[in-house]
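What follows is each chain in one-letter form.
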Amino acid sequence: MTTPIPAPGDLEPLVARPAIGPRRDAWRRLRRNRLAIVGAVIVVVLLVIAVLGPALAPWPYRVQDLDALRANSNRPLPPFSPGHLMGTDQLGRDLFSRLLDGAQISMSVAVVVQLVVLVIGVPIGAAAGWFGGRIDNYLMRFTDVIYAFPDLLFIILLGVALRDTVFGKAMNGLLLIFVAIGLTAWVTMARLVRGQVLTLKESEFVEAARAIGVSDFKIVVRHILPNSVGPIIVAVTLGIPSAILAEATLSFIGIGIQSPRASWGSLIDDGSRWVQSEPHLVVFPAMALAIALTSFTFLGDGLRDAFDPKLRGRQ
Amino acid sequence: MRPPSQPAATPHGRPPGQLDDATGRDGTLLHVRDLATYFFTPGGVVHAVDEVSFELGYGETLGLVGESGSGKSVTALSIARLVAEPPGRIVGGEIDFDGIDLLGLPDEEMRLVRGRRIGFIFQDPMTSLNPTLPVGHQISESTRTHLGLSRSAAATRAADLLGMVGIPRPRDRLGDYPHQFSGGMRQRVMIAIALACQPALLIADEPTTALDVTVQAQIMELLRSLTEEFRTAVILITHDLGIAAGMCQRVSVMYAGRIVESGLVDDIFGRPQMPYTRALLDSRPRLDREPGGRLRTIEGFPPDLVDPGPACRFAPRCPHRRDVCDAREPLMTARPATGERHAARCWGTEPGGWIQ
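As given, the protein sequences belong to chains A and B, one line each in that order.
One point on numbering: in our numbering, the residue at position 108 of the first sequence is 108, and numbering is uninterrupted.
One point on numbering: in our numbering, the residue at position 82 of the second sequence is 1082, and numbering is uninterrupted.
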């Protein structure tokens, strides 16, 4: 070993506020954003419901309470009926239980679609940004084409084309829908990641990593992507509401979830036939949808502000 | 701490010119011959580095001095083949590093030379470390890539290196992030990273420019003692003539993409030949001059490197210019009168020239 060189370390003045890393700083600012915290709490509750859904539900989602239905002369039970907090549909199925089941669908949309988005969008964006030149050009033109193609049309076409395959039948037809939504949604992520990589690949720590012989792949995975985590998290969170909405839209027009399972979209669709006489069949699922969408949006906005470098150290 | 896998035949610290029996090589680690690196921009081809030749012995320290844009950094980046391509490209020349033809090496093999045989220290330690990785990781990255150390062995080695560069309680600091270090401490970390695999050559690109003056001396002293101990050859890029004088055995002065004068430190500082070197030395603040006076400057601007023309590149600013300077650019020629290894690129100071 060498003789240690006297270091100034012990002599340097102590800073009054302990140094805070970029992630901790973001977390600190997120905590102060009340709306974002409310959103985060609701999101967590929704996730718990999604996991525990069937266990929490007073009734299994497909069971018909035929006795109660008959007693109500075969009309949907109104809210606050005995045993049915939100009433039942025209088949006597407990609406509250079906909403909880719908939460499971919506949350799995949120997760699966964003996974597809990450799996496709991040590598394509990273490759385009890192290699640049012709590869960038091809990948981004491809992205533009996907972006320009009408999403709904693409999803419907894919749904129709693959409906009868193993893939199309998996998870009650849901997997196909999720993947189809993901296949249209990754473009934003690819563009975001490309931009991040383009900026970061010029940074000096990337230059320094090249100078010690780190391979290209490791530079992207260990140096560039971890520095883009903030914007990626924000994009994922803000992408979730549109995915949920897309699934609801598909279910509403009858392409998504198949009976007897229900998503919030299909519940609104079912209820819409009774909206004149039994508005609760539309109101409750619509409220659930609205609350979920707003919560994710609030959380996403909060995260975006928290990660905004211009606000760093303030607030 | 000895290099784990330094090739046994590598001769160390022999004076240049003396041949090694085993390898048939003299004591020269690095030969750069007629290096040319151009940048292909929409505005034209920038001849950033042209006809640059120099050599460096094992364990020797060479200073590359010159003003901004003179090609110092591009020369250094070219040796490590780190010039961004496009727009840059090494268009000519040879770089022989310890018997390896660096410019002919496939990319993947060049990657294994970087960090392992050639270490690099950059100017700004505030931005050269990845803010999302603990410093221990960043030091280990090199030893794990090149020496195949296990995670725990690399951590032990990283702690040793941190201690070596003078960071107190090195074990406790491995998990700390760059923002928890001050500028001087970060540059120490950068030095630890650069020397982690005990490279034969260390390229330090203005290592203290971004630092506080009080820290500069400590960092230079650290660099000097470590490279002396490991017998690491150093290319020190700086525009601070004082640092070059204190650190280097030899100095090469660059101007407008060319080396215009090179020689031992005493020759360059004591008997400068090329008028540019003289002007550079004259523009330093001096203690023995009248206080309150203005610093001397060099009139004019460096030439446009898109189309440098056939003239001596310093001619437009040179007070001693004659017709021959505008007609043809001089070559680097030896100046045995002022020093054994002294060479300059100047018509006026060649034997029989008009500049005294």
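In short, the hints are calculated from the structure, not lab data.
Bear in mind that the values here come from a model prediction, so they are computed numbers and not experimental data.
Cβ atoms here follow ideal geometry from the backbone N, Cα and C, with glycine treated the same way.
Watch out, some of these pointers could steer you wrong.
As the list claims (entries may be wrong) - Over the 12 Å line for every Cβ pair with chain A, so calculated as not near, a few chain B residues:
{"#": "1", "residue": "Val1045"}
{"#": "2", "residue": "Gly1115"}
{"#": "3", "residue": "Thr1132"}
Said to hold, decoys possible - Ranges of calculated distance between the beta carbons of each label pair, as one might list FRET restraints:
{"#": "4", "chain 1": "A", "residue 1": "Thr294", "chain 2": "B", "residue 2": "Arg1169", "range": "48 to 54 Å"}
{"#": "5", "chain 1": "A", "residue 1": "Thr199", "chain 2": "B", "residue 2": "Gly1300", "range": "32 to 38 Å"}
{"#": "6", "chain 1": "B", "residue 1": "Glu1109", "chain 2": "A", "residue 2": "Gln258", "range": "25 to 31 Å"}
{"#": "7", "chain 1": "B", "residue 1": "Gln1180", "chain 2": "A", "residue 2": "Leu115", "range": "31 to 37 Å"}
{"#": "8", "chain 1": "A", "residue 1": "Asn137", "chain 2": "B", "residue 2": "Arg1231", "range": "45 to 51 Å"}
{"#": "9", "chain 1": "B", "residue 1": "Phe1269", "chain 2": "A", "residue 2": "Thr199", "range": "41 to 47 Å"}
{"#": "10", "chain 1": "B", "residue 1": "Glu1229", "chain 2": "A", "residue 2": "Leu115", "range": "38 to 44 Å"}
{"#": "11", "chain 1": "A", "residue 1": "Leu153", "chain 2": "B", "residue 2": "Gly1092", "range": "53 to 59 Å"}
Next item on the list: Hint by hint, work out which the structure violates, then give me just those numbers in ascending order.
Entry: 2, 3, 6, 10
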